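There are 2 protein chains.
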Amino acid sequence: MSQSFIMSIDAMGGDNAPDIVIDGLEYYLKTEGAEHDVQFLIHGNQELLAELLAKAPMTSARSTVQHTELEIDMDMKPSHALRRGKGSSMWNTVEAVKAKTASVAVSAGNTGALMAISKLQLRTKTGVQRPALAAVWPQKDGMCVVLDMGANVECDAAQLTEFAVMGEAYYRALFHKDRPSVGLLNVGTEELKGNAVIKAAHERLSNSELGINYIGYVEGNDISFGDVDVVVTDGFTGNIALKTAEGTAKLVRKFLRESLQASPWSKFTTFLNVAGFRKLQQRLDPRRANGAVFLGLKGVVIKSHGGTDAIGFANAVGIGVELAESDFLSELERTLNALHDEDDNIGFIV
Amino acid sequence: MSQSFIMSIDAMGGDNAPDIVIDGLEYYLKTEGAEHDVQFLIHGNQELLAELLAKAPMTSARSTVQHTELEIDMDMKPSHALRRGKGSSMWNTVEAVKAKTASVAVSAGNTGALMAISKLQLRTKTGVQRPALAAVWPQKDGMCVVLDMGANVECDAAQLTEFAVMGEAYYRALFHKDRPSVGLLNVGTEELKGNAVIKAAHERLSNSELGINYIGYVEGNDISFGDVDVVVTDGFTGNIALKTAEGTAKLVRKFLRESLQASPWSKFTTFLNVAGFRKLQQRLDPRRANGAVFLGLKGVVIKSHGGTDAIGFANAVGIGVELAESDFLSELERTLNALHDEDDNIGFIV
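These protein sequence lines map, in sequence, to chains A and B. Quick note, in our numbering, the first sequence goes up one by one and the last residue is 523. Quick note, in our numbering, the second sequence goes up one by one and the last residue is 523.
In case anyone wonders, no lab produced these hints; they're calculated from the structure. Nothing here was measured: the structure is a model prediction, and the numbers come from that model. Mixed in with the good hints, there may be bad ones.
Because identical chains cannot be distinguished in the list, a pair is counted as satisfied if it fits within a single copy or across any two copies.
As the list claims (entries may be wrong) - In silico lysine-lysine, DSS-like type, Cα no more than 30 Å apart, as pairs:
hint	residue 1	residue 2
1	203	292
2	292	423
3	366	259
4	427	471
5	259	271
6	440	427
7	313	423
8	313	372
9	259	292
10	313	298
11	423	259
12	250	366
13	292	313
14	313	203
15	313	440
16	273	440
Start from the sequences, fold in the hints, and give me the full structure.
This is how it looks when you write it as structure tokens:
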């Protein structure tokens, strides 16, 4: 059994909360969770949760419920959530991390509200202007990390270099790889390509002595099919790239379904090969990539997709567990400080 | 038989030129080309071409070769191509359109050089600063057009509105749809999302009375899976979105191949369903989307992917034929003039 810790859970966030949240915790404990000594501090409506927990014995045995009737709506504006959100399940979920009662928070609620509440309560690390949202994405030989996913629509070169450092530390904690490769997303791999911000970030990362395995520019196709572990980009481009990839994967699945159901014979042979298609289904399952982390806060907050189901939520919980059991936050602190010291030494101004 | 015209072909551009160029023309004539009264003016090395044309009787019967020994290298810088490119196969291909000998030019050569040579010789239409590169992309119920694909890394709001107008005219010419829908690529569909440039373009397009079917913001997943015909974005985002989509499609194909070859039984049932998989293969064939057009020039230039084969080149030729047989250039002229008149009337300054 690994080290013991508490995870703070927003039971009321997400399109199908609280059902998928409790089902997700139970699924997690039944699968990989058995090896981990995690307790859950669950925030939400006690009455609703008692009913669900009665059907989830493994979760029930590891959980404490902190009652609240307040919830943050999925479409509430962040500013509104900050003014009126105090005491809500999301607020209390993050507050438990601030109070050091819990090591990590997980919510499938409203992204903007979660960002605003997390930033207000946990504060950003020294020198970080705004946290970035980092996602994991399937790649030909495993997974890659892409950031920012949309928290920062416009970024300067200092932010992009911070993303590189934070994404690298995140990848190490999550996938236990010593020197993950880091690339800057651009429209070509030649030195001359890109805009001024990207060129400045490239120059800064190329000349850094932080020991990061910076491999230079990468292109859109490298996200799914390249040899890069951490893909760094601004929040506008990152959001569009990942949504484009989602749409493409969905389109290919549709073509596959239609092509293989075009005739009775085709349907029959597909049926015969149910094992092969189940394997494919598993590899293409978008729930495997659920769970993004806000990087740059003085605490760990995981954002699950709002529309996910129990299996997807369990994946986000798994990411939270990996981070809680690692020295992620202190590593992040160490590398960010080293970056900012180097910035001062070379007089990096953007 | 439809109207008669001449297409100017750069036989020496592309990784596998001139072979795939001549094979591509022959493939085109053998398939859909039979219905079209197109003649080819082929630029390149006469000796090499004579050998290839001897094995391509349909192309041979419709072609004239204009000899040159000069070629533009695939990695030559655009500035270099402008200074030294005169008399090369690419230069002569574009020059034939300028001289009105040909209606349209097709090249699989160096993109930057083709852009520079086309802009120098054909000039941009009044008010257009730089041409945009428009690609077609598979969508759930057909194809969509995405622009800019990377010709303009940084764009202002006036350029984005021009892209919308040009993309709309292109879609009409290519797919014969009266009122294609036009969307602006953003990180969300709410009015508040995005940066200042996108918001200004959105405002401009929303208040236009040009009769364009502008449907507002669209997201990355809409490129493959939405209900939008023309997706407008800057060249940085467009290039990354399409390359990301390419990478994802390639990844899913890899997963499919591996999952269905994991066991002898799986291989066997897949073999039994060869018709279903052939259908899938066809729908996923990236060559179907080959052929991008430079929009905003006083002439039509089609850029084929440099690494494509004969079937991909034939697809680019097909796009050129569609445009040559339509009133595309005069429609583009009409709508761009209407846009710029409206800009003047409302005092649109960016």
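Taking the numbered hints from earlier one at a time, note which ones the structure violates and give those numbers from smallest to largest. 1, 2, 4, 10, 11, 13, 16
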